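With chain S fixed as given, assemble chain R onto it according to the hints.
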Amino acid sequence: MSTVDPTVTSSRKDRGWYKRNEIAVTPWLFLAPAILFFVFYVIWPIYQSIAISFYAWDGLGEARFIGFDNYVELMDDRAFEVSLWNNLKWLLFYLLAIPGGLFIALFLNQTVTGIRIYKSLFFFPFVLSQVVVGLVFSWFYLPNEGLLNGILGLVGLGPVNVLGDPTWATYGIIAAGLWPQTAYCMILYLTGLNAVDPEQIEAGRLDGAKGWKMLWYIIIPQLKPATFIAFVVTIIGALRSFDLISIMTNGGPFGQTRVLSFYMFEKALAEFGFRMGYGAAIAVVLFLIMLVFIAYFLWSMWKEEKGR
Amino acid sequence: MRFTTKSMLMALAGSTMLAGAAQAELSGDLKIFLDTSNPAPRATMEKMISDFGALHPDLNIETTVIDREAYKTQIRNFLTADAPDVATWYAANRMTPYVSAGLFEDISDLWAEPEIAENLASTKGAMTIDGKQWGVPYTYYQWGIYYRKDIYEELGLSEPASFEEMKSNCQAIIDSGRACYTIGSKFLWTAGGWFDYLNMRTNGFDFHMALAAGEVKWTDDRVRATFANWRELIDMGAFLENHQNYSWQEALPFMVNGEAAAYLMGNFAVAPLREAGLTDDQLDFYQFPAINPDVELAEDAPTDTFHIPSGAKNKEAAREFLRYVVSADVQTEINNGANLGQLPVNASASVDDDKFLNEGFEMLSSNSPGGVAQFFDRDFPAEMAAEAMQGLQEFMVFPDNLDDILNRLDKVAERVYAN
Chain S
50 MSTVDPTVTS SRKDRGWYKR NEIAVTPWLF LAPAILFFVF YVIWPIYQSI AISFYAWDGL
110 GEARFIGFDN YVELMDDRAF EVSLWNNLKW LLFYLLAIPG GLFIALFLNQ TVTGIRIYKS
170 LFFFPFVLSQ VVVGLVFSWF YLPNEGLLNG ILGLVGLGPV NVLGDPTWAT YGIIAAGLWP
230 QTAYCMILYL TGLNAVDPEQ IEAGRLDGAK GWKMLWYIII PQLKPATFIA FVVTIIGALR
290 SFDLISIMTN GGPFGQTRVL SFYMFEKALA EFGFRMGYGA AIAVVLFLIM LVFIAYFLWS
350 MWKEEKGR
Chain R
17 MRFTTKSMLM ALAGSTMLAG AAQAELSGDL KIFLDTSNPA PRATMEKMIS DFGALHPDLN
77 IETTVIDREA YKTQIRNFLT ADAPDVATWY AANRMTPYVS AGLFEDISDL WAEPEIAENL
137 ASTKGAMTID GKQWGVPYTY YQWGIYYRKD IYEELGLSEP ASFEEMKSNC QAIIDSGRAC
197 YTIGSKFLWT AGGWFDYLNM RTNGFDFHMA LAAGEVKWTD DRVRATFANW RELIDMGAFL
257 ENHQNYSWQE ALPFMVNGEA AAYLMGNFAV APLREAGLTD DQLDFYQFPA INPDVELAED
317 APTDTFHIPS GAKNKEAARE FLRYVVSADV QTEINNGANL GQLPVNASAS VDDDKFLNEG
377 FEMLSSNSPG GVAQFFDRDF PAEMAAEAMQ GLQEFMVFPD NLDDILNRLD KVAERVYAN
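Chains as they are written, first to last, in the working numbering: chain S, 50 to 357; chain R, 17 to 435.
Only chain S is shown next, with the shape it has when bound in the complex:
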């Protein structure tokens, strides 16, 4: 009675630690590379940026702790204020890409000969490098020889220097950015339109819906996933705007087209930028703005998951 079968215990012991904890450990093993990279390339740099923002440091010599001085200086920095407003303009006007993309997608969502060619042509600007887009648009805007002024001249309007005028330059750059971004949203909506349920359209039609009502109450609700993705990529695109500014105006005229990311680059990393702490403080502000959107995105995705 008291004898326990020796073979059972020994075979238990023979199984290694991993075998015994397989179910609990395996998911973490698979997650490990991602977690490692996320910590190393995202969490750690965020922590470092925040830490550096409390120092006065030229990136070469000794760093000196100065508490919140960088942030206090930001409050009073007009160039920072201009960059912040420009970021806001970007966020707001860049969203025009979503309705723009939707309408082009609706327009292209038909079967005629060669529609694939038209679709590719509309998608083309998204394939172009931002540098090329920036160059093409800066030629388009050229004050004397530019195409824009040629067209304006035909209807009797005086020449404008879009990129040289501090009030218009940012809008000029955003317009250039909208070109590829609209194409991106268009593709998202084109795939979304494939998934629209024809039976619902049929049912709506029987109930007398057509035109705008059909679009607003039947089509757009079904495009919600596409709209969400389009919103996410457009917001992120607006906050990341850097290359177009760098190519088209280099932040000018006299710093009026800078956004936070560009200002940070100028202060910390560019030719005359030796203020790592100040640049890091700008980066932290930009991060906080992004955090608002990231929180919203995560929250709405979580809600979606829970709803299922």
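Source of the hints: derived by calculation from the structure; they are not laboratory data. Check before you lean on any hint, since a few could be wrong.
Stated by the list, open to error - DEER-style ranges, computed between Cβ atoms: (1) R/D251 with S/I278: 40 to 46 Å; (2) S/W351 with R/K329: 53 to 59 Å; (3) S/A224 with R/Y433: 37 to 43 Å; (4) S/K68 with R/K331: 57 to 63 Å; (5) R/F414 with S/M124: 23 to 29 Å; (6) S/T216 with R/P288: 30 to 36 Å; (7) S/T216 with R/D251: 19 to 25 Å; (8) R/K63 with S/V88: 48 to 54 Å.
Keep in mind that this is a model prediction, so the values were computed, not measured. Even glycine gets a Cβ: it sits at the ideal position worked out from N, Cα and C.
Relative to chain S, chain R alone:
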């Protein structure tokens, strides 16, 4: 067997010792980083380095050429992380961040050698910080006004000798439907050139340097006088319109096409202007005329330099390389018209027979008694220069904003010079 191996080793050791004795003592690796990425300077440098290598066959030279603009931001990375043995850079205040961080080697010992002390005396000041020398120059070039001689002749104008004449010339050019001066201020520094000259002519070299050192306020009346002179030119329409859209290269065609008559620029503008088809009969040069007759003329002559990073591994070979670069023969060779097309830094070297080089050399050696400045963004501390050049561009577009700009610059100066 054992015996033969041993003897062979002995023989080998003996032969290397012999070779070592016969050659100059330099051996090992020499890593050189260059920012001379444009085709002509690049070829010049590579030729010079291979000539140096031929003199020292045991030295394994490794040259890295980095894009000139990218170099300006990469330098702080490679100086701290993986320093080469020799690196190019710029003179005066542009060295300061690296000197004060201890990243450049003090090479005052080289400057104490008679060969260098005697022949390079004129540029010693630009290489000196805290009484020590931190590098050697390898080339420099004059700034001044390059103008279309044929347009001047057509309008019956001659090279101006005073500010009044400069303005009356300009009025005649404007009346003929052209801009007096082309300029592209998109990248800001070109406006710094105008400020350099207007300030040095209005207030003199010493005042300009005091402003650069933060000893004078930007809101000072003397600085305002400089801007008042500048404003006269702006108000009469002397400068190319929409200059804030153009880089300095994009401003060249206006001069080539005859839409603008002159360009305040460094001598490096001559090559593209010639390539664009202007002959030496059409293109000429004059020194920026005097404005205030009481101040001595002073010029901008930016100097490009070689340095030894303090993290260099083969400093002995690096020093030898620097000696080689500044030697008279090499200076004559690399600065001639077929190569860099600039001025040699060694007094015993000869200037190539080129119209503009001769005029520039003449001007700098005999008609610049006030002093020789480097350039706005090299004389002023980096951060001050960046803010100020932006303000200068704003002034050129909206001269009415002057008060606001000067107050802003004072505020920046307070912080920059406090450290």
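Verification of the supplied hints:
no.	hint	result
1	R/D251 with S/I278: 40 to 46 Å	violated, 54 Å
2	S/W351 with R/K329: 53 to 59 Å	holds, 55 Å
3	S/A224 with R/Y433: 37 to 43 Å	holds, 41 Å
4	S/K68 with R/K331: 57 to 63 Å	holds, 60 Å
5	R/F414 with S/M124: 23 to 29 Å	holds, 26 Å
6	S/T216 with R/P288: 30 to 36 Å	holds, 33 Å
7	S/T216 with R/D251: 19 to 25 Å	holds, 22 Å
8	R/K63 with S/V88: 48 to 54 Å	holds, 50 Å
When each numbered hint is compared with the structure, a violation occurs for hint 1 only.
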